[in-house]
Amino acid sequence: MKKLSARRRHPLAALVVLLLALACTGGLYAAFAPASKAQADESAQSLAIDEGKKLYAVGCASCHGTGGQGTTDGPSLVGVGAAAVDFQVGTGRMPAQQPGAQVPKKKVIYSQAEIDQLAAYIASLGAGPAIPSEEKYGPEGADIAKGGELFRTNCAQCHNFTGKGGALTHGKFAPSLEGVDPKHIYEAMQTGPQNMPSFPDTTLSEQNKKDIIAYLDAVNGDDTESPGGLSLGGLGPVSEGLFAWVFGLGALIAVAVWVAARTAKAKKS
Amino acid sequence: MSSQDIPEEKLPAEQDRPHGAAARPADETNPFADPGLPPHEPRVQDVDERAAKRSERTVALLFTLSMLATIGFIASFVAIPVDKSVYIFPLGHISALNFALGMTLGVALFAIGAGAVHWARTLMSDEEVADERHPIEASPEVRAKVHADFKQGAKESVIGRRKLIRNTMLGALTLVPLSGVVLLRDLGPLPGTKLRHTLWSKGKLLVNMNTNEPLRPSDVAVGSLTFAMPEGLEEHDEDFQNEIAKAALMIIRLEPDSIKDKRELEWSHEGIVAYSKICTHVGCPISLYEQQTHHALCPCHQSTFDLADGARVIFGPAGHALPQLRIGVNDEGYLEALGDFEEPVGPAYWERG
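Those protein sequence lines, which keep their order, are chains A and B.
Under the UniProt record's numbering, the residue at position 114 of the first sequence is numbered 114, and the numbers go up by one with no gaps.
Under the UniProt record's numbering, the residue at position 144 of the second sequence is numbered 144, and the numbers go up by one with no gaps.
Hints should not be assumed to be uniformly reliable.
[Claimed, not checked] Restricting the straight-line Cα-Cα distance to at most 27 angstroms, the calculated cross-link-like pairs of lysine-lysine (BS3-like) are: (1) A:Lys146 to A:Lys183; (2) B:Lys260 to A:Lys172; (3) A:Lys267 to B:Lys53; (4) A:Lys183 to A:Lys172; (5) A:Lys164 to A:Lys146; (6) B:Lys84 to A:Lys146.
[As the list claims (entries may be wrong)] Just the calculated beta-carbon pair ranges, DEER-fashion: (7) A:Pro237 to B:Ala130: 46 to 56 angstroms; (8) A:Leu252 to B:Glu49: 46 to 56 angstroms; (9) A:Phe161 to B:Glu41: 51 to 61 angstroms; (10) A:Val246 to B:Glu56: 55 to 65 angstroms; (11) A:Phe243 to B:Ala52: 55 to 65 angstroms; (12) A:Phe161 to B:Ala52: 28 to 38 angstroms; (13) B:Gly106 to A:Pro237: 18 to 28 angstroms; (14) B:Gly106 to A:Phe161: 27 to 37 angstroms.
Honestly, the hints are just simulated from the structure, not real lab data.
For every residue, glycine included, the Cβ atom is placed at its ideal position computed from N, Cα and C.
Work out the full structure: start from the sequences and follow the hints.
Laid out in structure tokens, this is it:
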């Protein structure tokens with residue numbers, strides 16, 4: 001104690017005291033604030049909505065309007081449901097970086113907890129599809145063959161036969177479905193993000209969606225076999241033709257050059 | 001091996017004069033000098049037996065490699081099971097049998113070719129030989145002989161005297177090709193009015209192709225896309241493909257205010273519109289539907305149709321708007337067709353008008 005009091009006039013003493021005081025205040029707040037929130041647990045849902053509303057006001061309101069009613073820069077979010085929010089924000093598409101033909105997937109900037117809060121707020125604006133639970137998109141009980149049939153009927157026209165994506169009009173495109181979280185695929189089918197049409201449960205049942213997701217995992221998973229060898233991106237005649245023209249014809253030209261090249265001559269130096 | 005390694009006495013004397021055809025300087029009849037063939041330069045293998053031996057061994061090695069690869073092909077065919085899969089960078093998980101067969105057969109064929117080319121390049125003679133052209137026409141004597149032979153043959157065949165043989169032979173030869181002509185009948189019969197009609201008719205329910213259940217208006221949400229076929233058509237029917245190729249339908253729902261075309265609005269039900277899925281250009285299935293712009297794009301030639309404006313063609317080579325199916329709701333609340341398409345679906349044809 002004597003040691004401590006001896007140093008009380010040290011030039012850094014004030015700084016140390018200040019830091020200690022700050023740490024104490026912060027620690028006390030951390031210890032008590034969640035407790036008080038837990039006490040106010042008459043509705044965790046309304047709390048999430050409140051938090052979501054704050055996040056919405058900061059990140060979304062400039063385009064979608066202060067109450068989600070939509071502006072000229074962004075569509076109305078009333079009735080789009082939690083699934084739409086989870087898809088758009090969870091894949092990084094929202095918040096959009098800039099207007100354009102299509103908002104692409106990018107780095108996700110909200111945590112899953114924040115996304116859930118935003119989703120809760122948007123869901124409170126009007127009834128819409130909820131975020132699906134895992135058993136809806138998990139592989140249990142899915143029929144991969146049926147999924148392939150459904151995928152070719154409903155999805156392949158834009159997303160390619162094995163979900164590699166494809167071009168649409170005026171700079172829009174159907175993104176590749178390789179490596180996309182099954183939950184997001186489910187939500188996209190349900191809500192129809194951007195220009196993709198929706199496939200609600202009334203026309204494409206929950207079991208149908210599960211089958212489609214299982215099919216995509218079977219053709220695009222890490223262990224997917226390609227018995228024919230190099231799949232060249234699975235894009236069909238464009239990449240295959242390019243490969244044949246460049247490497248096939250290139251090899252033929254190389255051989256022709258070799259056949260016709262002059263042989264080493266014996267010459268007096 | 002470079003030329004420096006060759007012993008001095010083995011090198012040939014410098015050749016100054018061209019070999020083969022003689023050089024000819026320019027003169028009055030021929031303004032361009034004919035330089036003749038360039039001097040022949042012997043190859044390393046022509047003067048050095050060691051190099052020649054080495055080439056021989058290389059060629060033999062390539063041919064032996066081909067033999068081994070063929071044996072490898074047969075061995076892989078026998079030994080590797082059809083469903084065995086291996087991981088090979090950068091090909092990924094591929095069939096072991098396919099890979100082994102392709103690799104060994106490729107090496108077997110390539111080694112034969114490479115051996116033959118190496119043989120020709122290093123050991124076969126590479127002296128250029130000029131070969132003069134000769135007139136193609138035969139000599140007058142030969143021609144006279146052929147004419148005489150032909151005349152004699154014709155006379156001996158008595159074709160000029162025995163008219164009956166000549167005439168029946170001509171008849172037989174004329175009739176034989178008719179067999180081929182008659183077979184062309186199998187290209188027909190002409191389609192008649194088949195191209196103008198589909199399976200749709202008044203009262204047929206719109207069946208969802210995903211669930212095989214008839215659709216209700218409440219099933220079809222704004223912004224959704226659904227494919228439908230006429231009630232009664234089963235996937236296992238013998239003529240399923242023929243019928244669905246004409247009857248395939250895409251069903252979308254628009255806000256009624258956003259429908260610009262008066263007839264489209266009239267033929268729709270609460271904003272639900274049903275269009276033929278078959279492109280009017282060359283008949284590709286067209287269903288790349290963008291729900292915000294209401295455009296449908298054909299993947300084959302990029303024809304684009306505005307489904308909010310009577311499926312008008314707004315881009316691409318298609319010549320007609322997509323035919324719309326008039327729909328309504330029956331007493332039980334299911335969507336039904338109110339008739340067939342009013343115009344032929346799919347690509348235009350000569351008699352379509």
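A quick look at each hint next to the structure:
1. A:Lys146 to A:Lys183: Distance ~19 angstroms between lysine 146 of chain A and lysine 183 of chain A Cα, so the pair holds.
2. B:Lys260 to A:Lys172: Distance ~24 angstroms between lysine 260 of chain B and lysine 172 of chain A Cα, so the pair holds.
3. A:Lys267 to B:Lys53: holds, 19 angstroms
4. A:Lys183 to A:Lys172: holds, 23 angstroms
5. A:Lys164 to A:Lys146: It holds: about 19 angstroms lies between the C-alpha atoms, which stays within 27 angstroms.
6. B:Lys84 to A:Lys146: holds, 25 angstroms
7. A:Pro237 to B:Ala130: 46 to 56 angstroms: With a Cβ separation near 48 angstroms, proline 237 of chain A and alanine 130 of chain B satisfy 46 to 56 angstroms, so the hint holds.
8. A:Leu252 to B:Glu49: 46 to 56 angstroms: violated, 35 angstroms
9. A:Phe161 to B:Glu41: 51 to 61 angstroms: holds, 58 angstroms
10. A:Val246 to B:Glu56: 55 to 65 angstroms: violated, 36 angstroms
11. A:Phe243 to B:Ala52: 55 to 65 angstroms: Hint violated: Cβ distance 40 angstroms, outside 55 to 65 angstroms.
12. A:Phe161 to B:Ala52: 28 to 38 angstroms: Given a distance of about 57 angstroms, which is not inside 28 to 38 angstroms, the answer is violated.
13. B:Gly106 to A:Pro237: 18 to 28 angstroms: Given about 23 angstroms between the Cβ atoms, the range holds.
14. B:Gly106 to A:Phe161: 27 to 37 angstroms: Once the Cβ atoms are compared, 28 angstroms apart, the range 27 to 37 angstroms for phenylalanine 161 of chain A and glycine 106 of chain B holds.
Hint violations for this structure: numbers 8, 10, 11 and 12, all remaining hints satisfied.
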